[in-house]
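Listed in order, the protein sequences are those of chains G and H.
Heads up, the first sequence is in the working numbering, so the first residue is 1 and it goes up one at a time.
Heads up, the second sequence is in the working numbering, so the first residue is 1 and it goes up one at a time.
Simulated from the structure, these hints should not be mistaken for lab results.
All figures in this text were calculated on a predicted structure; none of them were measured in a lab.
Glycine is no exception: its CB is placed at the ideal position from the N, C-alpha and C atoms.
Please note: incorrect hints may appear among the correct ones.
[Unchecked claim] So, partial list: chain H residues that the calculated Cβ filter (under 10 angstroms) puts toward chain G: (1) Glu12; (2) Ala14; (3) Gln16; (4) Ile17; (5) Phe38; (6) Glu39; (7) Met58; (8) Arg144; (9) Lys148; (10) His179.
This is what each chain is made of:
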Amino acid sequence: MHPIFRNTTSLGAYLALWTVLAGLLSALMRLQGDSSWSQALSVAVPLCLFYAFVCLTPWYLCRAFPLGTAGITQLLLNHLGAAILACALWIGLARLLALALELGPEVAPAIPQLVVLGLLLYLLSVALHYALLAVEASREAALQTRDAELRALKSQINPHFLFNCLNSISALTSTDSARARDMCVLLSDFLRKTLGLGERESISWREELELARTYLEVEQVRFGTRLRVEMQVEDACADCQVPPLVLQPLIENAIKHGIATMVEGGTVRLEGRVEDGNLAVRVENSFDPEAPSPRRHGLGLRNVRNRLETRFGNAARLHVAAENSRFSAEMVFPCQKTNR
Amino acid sequence: MKLRAIIVDDEELARQILKEYLDKAGDVEVVAECANGFEAVKSAGEHRPDVMFLDIQMPKLDGFEVLELIDQPLAVIFVTAYDQYALKAFDAAAVDYLLKPFSTERLAKALERVRALLRDPQPRALQASDLAAAARPPGQTLERVVVKDGTKVHIIPIAKLDYVEAQDDYIALHSEKKHYLKQQTISSIEAQLDPARFARVHRSYILNLERIARIEPYTKDSRVAVLQEGSQIPVSRSGYARLKELLGENV
Numbered sequence: 001m002h003p004i005f006r007n008t009t010s011l012g013a014y015l016a017l018w019t020v021l022a023g024l025l026s027a028l029m030r031l032q033g034d035s036s037w038s039q040a041l042s043v044a045v046p047l048c049l050f051y052a053f054v055c056l057t058p059w060y061l062c063r064a065f066p067l068g069t070a071g072i073t074q075l076l077l078n079h080l081g082a083a084i085l086a087c088a089l090w091i092g093l094a095r096l097l098a099l100a101l102e103l104g105p106e107v108a109p110a111i112p113q114l115v116v117l118g119l120l121l122y123l124l125s126v127a128l129h130y131a132l133l134a135v136e137a138s139r140e141a142a143l144q145t146r147d148a149e150l151r152a153l154k155s156q157i158n159p160h161f162l163f164n165c166l167n168s169i170s171a172l173t174s175t176d177s178a179r180a181r182d183m184c185v186l187l188s189d190f191l192r193k194t195l196g197l198g199e200r201e202s203i204s205w206r207e208e209l210e211l212a213r214t215y216l217e218v219e220q221v222r223f224g225t226r227l228r229v230e231m232q233v234e235d236a237c238a239d240c241q242v243p244p245l246v247l248q249p250l251i252e253n254a255i256k257h258g259i260a261t262m263v264e265g266g267t268v269r270l271e272g273r274v275e276d277g278n279l280a281v282r283v284e285n286s287f288d289p290e291a292p293s294p295r296r297h298g299l300g301l302r303n304v305r306n307r308l309e310t311r312f313g314n315a316a317r318l319h320v321a322a323e324n325s326r327f328s329a330e331m332v333f334p335c336q337k338t339n340r
Numbered sequence: 001m002k003l004r005a006i007i008v009d010d011e012e013l014a015r016q017i018l019k020e021y022l023d024k025a026g027d028v029e030v031v032a033e034c035a036n037g038f039e040a041v042k043s044a045g046e047h048r049p050d051v052m053f054l055d056i057q058m059p060k061l062d063g064f065e066v067l068e069l070i071d072q073p074l075a076v077i078f079v080t081a082y083d084q085y086a087l088k089a090f091d092a093a094a095v096d097y098l099l100k101p102f103s104t105e106r107l108a109k110a111l112e113r114v115r116a117l118l119r120d121p122q123p124r125a126l127q128a129s130d131l132a133a134a135a136r137p138p139g140q141t142l143e144r145v146v147v148k149d150g151t152k153v154h155i156i157p158i159a160k161l162d163y164v165e166a167q168d169d170y171i172a173l174h175s176e177k178k179h180y181l182k183q184q185t186i187s188s189i190e191a192q193l194d195p196a197r198f199a200r201v202h203r204s205y206i207l208n209l210e211r212i213a214r215i216e217p218y219t220k221d222s223r224v225a226v227l228q229e230g231s232q233i234p235v236s237r238s239g240y241a242r243l244k245e246l247l248g249e250n251v
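One chain only, chain H, in its complex shape (with noise of 0.2 angstroms):
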């Protein structure tokens, strides 16, 4: 069977010598080209490759980000010239990786696992998404958030974060009066966000602190938050406290 293959790197000449090696090495056919992030989430879905070659450092999505939005099992290879984040990438998400400029035997290893992989499924090494956060530089909170809405991708800045809301295995993200369904869990996205800027105030609920206007009292124990944009979230009680630590007294 031959492999399904998508190169996905800025730099034309990148692209070009992978596509030479991965032609030469004759049982793998690459189904598609992609300059950018944005191709690379859209051609994932339309080709379903076995495999996608993926540079990190790119304009508009970068290749975390792209794994972030593929929802269906996929090998990933790496391919970058110096990064030392991406050694912590192929622990986390990656088949293997490939430090530029490399060889055509090093490329044939790499194959070699894709294969081994796709004889032997293992769930950890196939699910993108759910890697794509422990791929992520440690210490290092999220600036934007990226939603893929059926072939459209978001691009959500943590400016513009209203609130998160828990929705079974999804979470809505809201942000300008419109909301956006991500699958990942609440407890995830929370540890991925700046938490001088969120909090969690419910079970829930995470709350962009520049967006409150003002807190009620709502039942004996529990209080509303209402967002400038009109917006009332639940508080529980430890959620409660939880802002008057971030906030101070006068919230």
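Okay, chain G solo, but in the shape it has when bound (with noise of 0.2 angstroms):
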């Protein structure tokens, strides 16, 4: 079906376009021949509203034959042969009007003037459909490279925490095996809790909190007083949705260019609060202003605010900022809560 017909905005719009062509189309009528306007307009509004479905024929036809893949000569031919045939059925019509409303004279002298129209108009209705064509792949090859990105950031871990980790437990494992066990246990509730995420839309911020928790708490073992945490959250924003896994790499850029730089460690500090209808998340770590890090803060951060813009759009923005050895990043979009 052609996407025209999908919305009835656009179909009224076009079909209104041709309204005022076939207005013109009678004024040359009248100009030509020696037609009174109601004559001229009972031809030409059954003839442009014919044609406006003629010309949306190309559709089919322009699917067919890609321009990147069909040859010239084929594309010449067929819509040249399409744009002949079409002009043929709209002559035929304008003949046959004329015929039953006896307007035969009056008709006669815009023929040739019809013919020279009917083939432009379907031509450039083939150019159109081929503009049409290429934004609508564009625009599905953006969704596509988008819900890449997204299932890839969701399923996601860091390699490096996971080896990190094994490597802890390993050590754990001959000096203190009660501990070991715990950290079996943390890293196996935050592995089994991002499994899920990556078909879900939405999860609520209990869930993502409790995630980033755990994860904190895995990290503290590796790290031991290298790694502070302070948590002030409000109660409020638990029903909030957010998307899956928004707030990780926030804490994951904490850790690993902040806490991670500085050889006496730092603390990471999580808020997070309900304003005005908005869910505001801020998280604040200590780094190393010299530390060597080319692309400090980079995919995450941006893959971060793709995903608020996608969701949200002008509602969400993120700000991050680098001060005095203290670097935050903050979030803010709408709490929505009607998830069921």
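The two chains are supplied separately, each in an independent frame; assemble them into the complex guided by the hints.
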């Protein structure tokens, strides 16, 4: 089915355009022959409305012969052939109308112009359809890329994190087997929680926070006293729906580019509150401004920004700032609770 | 003979397990454990170990920078969780690499390589500082230069580097009216610096383009670049051509 039938607005606009065209055609016929307005309109309006639908048919031809793959002679032959056929139909209808309404002498002088106009309108429609197809294709491609990115992001567990965890567990087995077991449980918890997330559109802030908490607990085993965590999260946030793992990259950054760069470590501070119907989340951490990290906070932040924009458009924002060896990232987006 | 080893890792548990394994190996003595790069450089100088177990991602100085600052022969084994560059580092500079978590058997193999190397030293694997540059990820220019001055380590961010001057086997790095000597050739540091920000203007000089105040004629064929802080740097004919290319005609 032609995309123009998908909504009534675009179909209405399209037909309105043809009605204007019918008016112009009537004016032309009045100039050419010696007909009155009503005579000219009674031929032009049905003629144009008929042709409006004929000019939608290139949609199928254009899809069957895409510009990139079809040869130039094939394209020319097909579209010119179709144009001539369409034009023949349009002239045929014009003659039929003239016959039925007994307006032969009035219509006849306009026939040559009608032929040219019919051919041009059809070919113009072919060009527009190719443009339309190109736009649709690029939109489709963008959607698919974003989908793929999201899937990759959601299912991605930083391999550094995983292997370092396993190494910590390995170290603990001989010195502190109870803690080694705790660490296995924490890590399993974290992995289990992330596993199912790829399929879900959104999760509650409660779940997201729980995930971050588990992650931080695991990291605290690794970093020991170097990692200190402060949390100040309002209960009002709990039921806000958020894109899954939207907080995770911010926490990972805080560890990787913050705490891990400091010999004495530092504090990761997480704040969450609801303000004017928005969920405001702030992650703050200390970092070493001299640390060599050429792409500091690059990919993770960009992903968070993209995802917020996809979901909330202009209603969401992500603001990052680095000063006095404190790095902060704050995201604000509408707190939607209407999931079920 | 017991192998003398240093462990360098910022995570306590990672040091702990390596220490445990090495103690069990019997013929290895762990002479120092370091939690960051500075300590590693310092204690390599003090203890003169046979082998260093070196993590790559660490605060202050990363594993590559530590390598660069160690100026004695020493076998290096990288110990890292997951790093695609570690494999390259191994090819270039290290005796072996261990991927965390590793087994005692794997560690024994690495130690065997160290022993083989000590029996039959190959300068290629033992001179750490020469090979550190080769181990860097390709296509990445330096963000900072590390220099050792006695027991002190200086970190010079690239933005604060005014110019580099060749002095026999050394280079002098000029920054904020001070200069630091480093054992490296001027061509090798030239290759590491961002060519859009630094230009080799003379056989013996590399200039930070942002520091140039003006360029004055000197002799018929040569010119001098006057830096913002006042130093005058000779510019050869080909160096001037290079500057013109980078800065446009209005130099």
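Results for each hint:
no. : hint   : verdict
1   : Glu12  : holds (5 angstroms)
2   : Ala14  : holds (6 angstroms)
3   : Gln16  : holds (5 angstroms)
4   : Ile17  : holds (3 angstroms)
5   : Phe38  : holds (8 angstroms)
6   : Glu39  : holds (9 angstroms)
7   : Met58  : holds (8 angstroms)
8   : Arg144 : holds (6 angstroms)
9   : Lys148 : violated (17 angstroms)
10  : His179 : violated (20 angstroms)
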